[in-house]
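Spelled out, the chains give:
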Amino acid sequence: MTQPTPLPTQLSPTATAPTPPSDRGDRRTSLVVLSRFLRHRLAVASLIVLTLLAVCCFGASWIAPHPRNAQNLLEASQPPSAGHWLGTDALGRDYLSETLYAGQLSLAIGLGVALLATLVGTTAGAVAGYLGGWADEVIMRVADLFMIVPPIAVLAVSLQGLGPSPVTIVVVLSSLGWTLIARVVRSQVIQLRHQEFVEAARVVGARGPRILVRHLLPNLTGLIVVNVSLSVAMAIILESTISFLGYGIQPPESSWGNMLTQAAGVIGTDQSYLLYVPGMAILITVLAVNFVGDGLRDALDFQGRQ
Amino acid sequence: MTRYALRRLLASAPVLAVASFILFWTVRATFDPLAKLRQSVDPTALRRETARLGLDRGIAEQYVLWVRGFVTGDWGLSTRTGGPVLPMVGEALGTTLQLVLWGVTLAAAFALAIGLYSAARQYSAGDHVLTGLSYLGVAMPAFWFGLVLIQVLAVWPKEQFGLSDPPLYFVGLHSVGHSGFDLDYLRHLVLPVATLTVGLVASWSRFSRATILGALSSDYVRTARAKGVPRRRILVRHALRNALAPFVTIVAMDAAALVGGLVVTEQIYSIPGMGKLFLASLETGDVFVLLPWMFVVAIAVILFNLLADLSYALLDPRVALR
Numbered sequence: 001m002t003q004p005t006p007l008p009t010q011l012s013p014t015a016t017a018p019t020p021p022s023d024r025g026d027r028r029t030s031l032v033v034l035s036r037f038l039r040h041r042l043a044v045a046s047l048i049v050l051t052l053l054a055v056c057c058f059g060a061s062w063i064a065p066h067p068r069n070a071q072n073l074l075e076a077s078q079p080p081s082a083g084h085w086l087g088t089d090a091l092g093r094d095y096l097s098e099t100l101y102a103g104q105l106s107l108a109i110g111l112g113v114a115l116l117a118t119l120v121g122t123t124a125g126a127v128a129g130y131l132g133g134w135a136d137e138v139i140m141r142v143a144d145l146f147m148i149v150p151p152i153a154v155l156a157v158s159l160q161g162l163g164p165s166p167v168t169i170v171v172v173l174s175s176l177g178w179t180l181i182a183r184v185v186r187s188q189v190i191q192l193r194h195q196e197f198v199e200a201a202r203v204v205g206a207r208g209p210r211i212l213v214r215h216l217l218p219n220l221t222g223l224i225v226v227n228v229s230l231s232v233a234m235a236i237i238l239e240s241t242i243s244f245l246g247y248g249i250q251p252p253e254s255s256w257g258n259m260l261t262q263a264a265g266v267i268g269t270d271q272s273y274l275l276y277v278p279g280m281a282i283l284i285t286v287l288a289v290n291f292v293g294d295g296l297r298d299a300l301d302f303q304g305r306q
Numbered sequence: 001m002t003r004y005a006l007r008r009l010l011a012s013a014p015v016l017a018v019a020s021f022i023l024f025w026t027v028r029a030t031f032d033p034l035a036k037l038r039q040s041v042d043p044t045a046l047r048r049e050t051a052r053l054g055l056d057r058g059i060a061e062q063y064v065l066w067v068r069g070f071v072t073g074d075w076g077l078s079t080r081t082g083g084p085v086l087p088m089v090g091e092a093l094g095t096t097l098q099l100v101l102w103g104v105t106l107a108a109a110f111a112l113a114i115g116l117y118s119a120a121r122q123y124s125a126g127d128h129v130l131t132g133l134s135y136l137g138v139a140m141p142a143f144w145f146g147l148v149l150i151q152v153l154a155v156w157p158k159e160q161f162g163l164s165d166p167p168l169y170f171v172g173l174h175s176v177g178h179s180g181f182d183l184d185y186l187r188h189l190v191l192p193v194a195t196l197t198v199g200l201v202a203s204w205s206r207f208s209r210a211t212i213l214g215a216l217s218s219d220y221v222r223t224a225r226a227k228g229v230p231r232r233r234i235l236v237r238h239a240l241r242n243a244l245a246p247f248v249t250i251v252a253m254d255a256a257a258l259v260g261g262l263v264v265t266e267q268i269y270s271i272p273g274m275g276k277l278f279l280a281s282l283e284t285g286d287v288f289v290l291l292p293w294m295f296v297v298a299i300a301v302i303l304f305n306l307l308a309d310l311s312y313a314l315l316d317p318r319v320a321l322r
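These protein sequences, in sequence, are chains A and B. In this text, residue positions in the first sequence follow this note's numbering: the first is 1, and each later residue adds one. In this text, residue positions in the second sequence follow this note's numbering: the first is 1, and each later residue adds one.
Simulated from the structure, these hints should not be mistaken for laboratory data. Take the hints with a grain of salt, since some may be wrong.
[Said to hold, decoys possible] Here are some chain A residues pointing at chain B (derived, C-beta under 10 angstroms):
{"no.": "1", "residue": "Leu34"}
{"no.": "2", "residue": "Ser35"}
{"no.": "3", "residue": "Leu116"}
{"no.": "4", "residue": "Asp144"}
{"no.": "5", "residue": "Ala233"}
{"no.": "6", "residue": "Ser240"}
{"no.": "7", "residue": "Ala263"}
{"no.": "8", "residue": "Ser272"}
{"no.": "9", "residue": "Ala288"}
[As the list claims (entries may be wrong)] Here are a few chain A residues that sit away from chain B, every Cβ distance over 12 angstroms (derived from the structure):
{"no.": "10", "residue": "Val33"}
{"no.": "11", "residue": "Leu115"}
{"no.": "12", "residue": "Pro151"}
{"no.": "13", "residue": "Ser158"}
{"no.": "14", "residue": "Gln160"}
{"no.": "15", "residue": "Val167"}
{"no.": "16", "residue": "His194"}
{"no.": "17", "residue": "Val198"}
{"no.": "18", "residue": "Ala200"}
{"no.": "19", "residue": "Val213"}
{"no.": "20", "residue": "Ile224"}
{"no.": "21", "residue": "Pro251"}
{"no.": "22", "residue": "Glu253"}
{"no.": "23", "residue": "Leu275"}
{"no.": "24", "residue": "Pro278"}
[Unchecked claim] Computed footprint of chain A on chain B, listed as stretches where at least three residues anywhere in the stretch have a Cβ under 8 angstroms from a Cβ of chain A:
{"no.": "25", "region": "72 to 85"}
{"no.": "26", "region": "252 to 262"}
{"no.": "27", "region": "296 to 310"}
The structure displayed is predicted, hence computed values, not measured ones. Note that beta-carbon positions come from the ideal geometry of N, C-alpha and C, so glycine has one too.
Turn these sequences into a full structure, and let the hints guide you.
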């Protein structure tokens, strides 16, 4: 799929108000953040939707009305009914149960990619920005390399080469996703590293790693958290796209993406409604994740409000 | 400006060289161009082909030979079709560029119009509706939207009204016997262009709304207002004009990603462009198409990015490129 530009995010680092290290200060700040987040009604609603979705998907073995992959060819291709709320597919599997089980992989991959990409990207960006010089040059040129080739191509080729297990998908997607956050973190670290509070820490005798972890990174929390949510959304869409093309999750394992591959075959038949279920699942998840991200950004952006 | 462009192109050469070497190496390590011959009863055939393709040499030497072939236009033969690769990639690129051209032009026009409206009437009902739609557009997987479009705009009306043809086609860009720009072409174009446009309009309109709003809150707009410049003129001549430079940059950079990024759209609508060529070559392990494909796409990305920077300087006289 085409890569839409991420929505313009106006993030300002809390450079002038470095987080005080005392425990009491921390608790007060997180309370303020929490109360601000709770005021963002759409974000709270989205968080509830996401939690419900996650509970239903990961608790599918208890919640789903039918067991996983249970085929009943006598009941194949049936419209929604009391026994099968969303009908059955061509093999007579309950579509609702299939969608819930497929969600396990889609959600896990989305979250895994977001965490791994943010971890790698933040580390690389912070190191590049803090050290500068050749380390900066090398890291950012490597990041440039990943921008030149289209992500779908890299994904498909490497999955063809490495074999499409969920773990490889997470690794490959993260290797594409880390560059964005690396750039942002780098530019913020460059701005912050000559501020008084960093100089002060250095005067007291703090070394590079401690300055990075204890003094610089806390100021980037907002950025990093928002990036995690944006990457979850992007990863879920990319995973479904690559699975749809046949290079991602392979049957009998299922994700929302490869459910749509099968559903693409029912276009123009009585069963074309099967198309809407996994698609809506992706849409609702990504939408909710984006709203939560917006809420977090507003809640963590101290300068923007003051 | 010309000197700047030349210098930028020269500066991107090392990145391109390193990227292409890594690509070359990865693709070579992943695919075996002689997989079929390995089962051959005649052992000399394998040795002959290995020598002919230069596969017995070191990877660096192979790479240099391959680059020389690429530059001189000798792109070799496809193992899938047996035909020469250069015209194959050329045709696919032409097809994809048609889609990119239509899609980007329409998407940019829509996005600017929406951005202008939303900025002029910030927090109005219309602004809220458009913002909501843009959230949907960003969250929608393009391939799913494409499938839904086929069902709703082509298959359903055909069956519902008992037409002999669907009102909008969803296979290829021309019917048999048609070519060039005609009604048939447009009927083929609507669905794929809509599919690739929806995400772009969504994200670009958010961007243009934000930049126009930024310009509207600036000092020069306040001055213009104080002087009594009409509202419409402020919006178009002051705010829009200043928001245009960053907007065009984003558009050019996203357009770059489309050249190799329409894989899904072309797959759904069976359009013989770069994306379809990529998938076909990947399925058959056609190394001799995959390598130049990636190279062409990488060059396109670099060119479009250069275009983005140049257009910025053209639209914003404060930016001097040296």
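Now the hints, each set against the structure:
no.: 1; hint: Leu34; result: 24 angstroms, violated
no.: 2; hint: Ser35; result: 24 angstroms, violated
no.: 3; hint: Leu116; result: 21 angstroms, violated
no.: 4; hint: Asp144; result: 6 angstroms, holds
no.: 5; hint: Ala233; result: 7 angstroms, holds
no.: 6; hint: Ser240; result: 5 angstroms, holds
no.: 7; hint: Ala263; result: 8 angstroms, holds
no.: 8; hint: Ser272; result: 5 angstroms, holds
no.: 9; hint: Ala288; result: 9 angstroms, holds
no.: 10; hint: Val33; result: 23 angstroms, holds
no.: 11; hint: Leu115; result: 20 angstroms, holds
no.: 12; hint: Pro151; result: 8 angstroms, violated
no.: 13; hint: Ser158; result: 7 angstroms, violated
no.: 14; hint: Gln160; result: 6 angstroms, violated
no.: 15; hint: Val167; result: 18 angstroms, holds
no.: 16; hint: His194; result: 26 angstroms, holds
no.: 17; hint: Val198; result: 30 angstroms, holds
no.: 18; hint: Ala200; result: 34 angstroms, holds
no.: 19; hint: Val213; result: 32 angstroms, holds
no.: 20; hint: Ile224; result: 21 angstroms, holds
no.: 21; hint: Pro251; result: 17 angstroms, holds
no.: 22; hint: Glu253; result: 19 angstroms, holds
no.: 23; hint: Leu275; result: 6 angstroms, violated
no.: 24; hint: Pro278; result: 8 angstroms, violated
no.: 25; hint: 72 to 85; result: violated (count 0)
no.: 26; hint: 252 to 262; result: holds (count 8)
no.: 27; hint: 296 to 310; result: holds (count 4)
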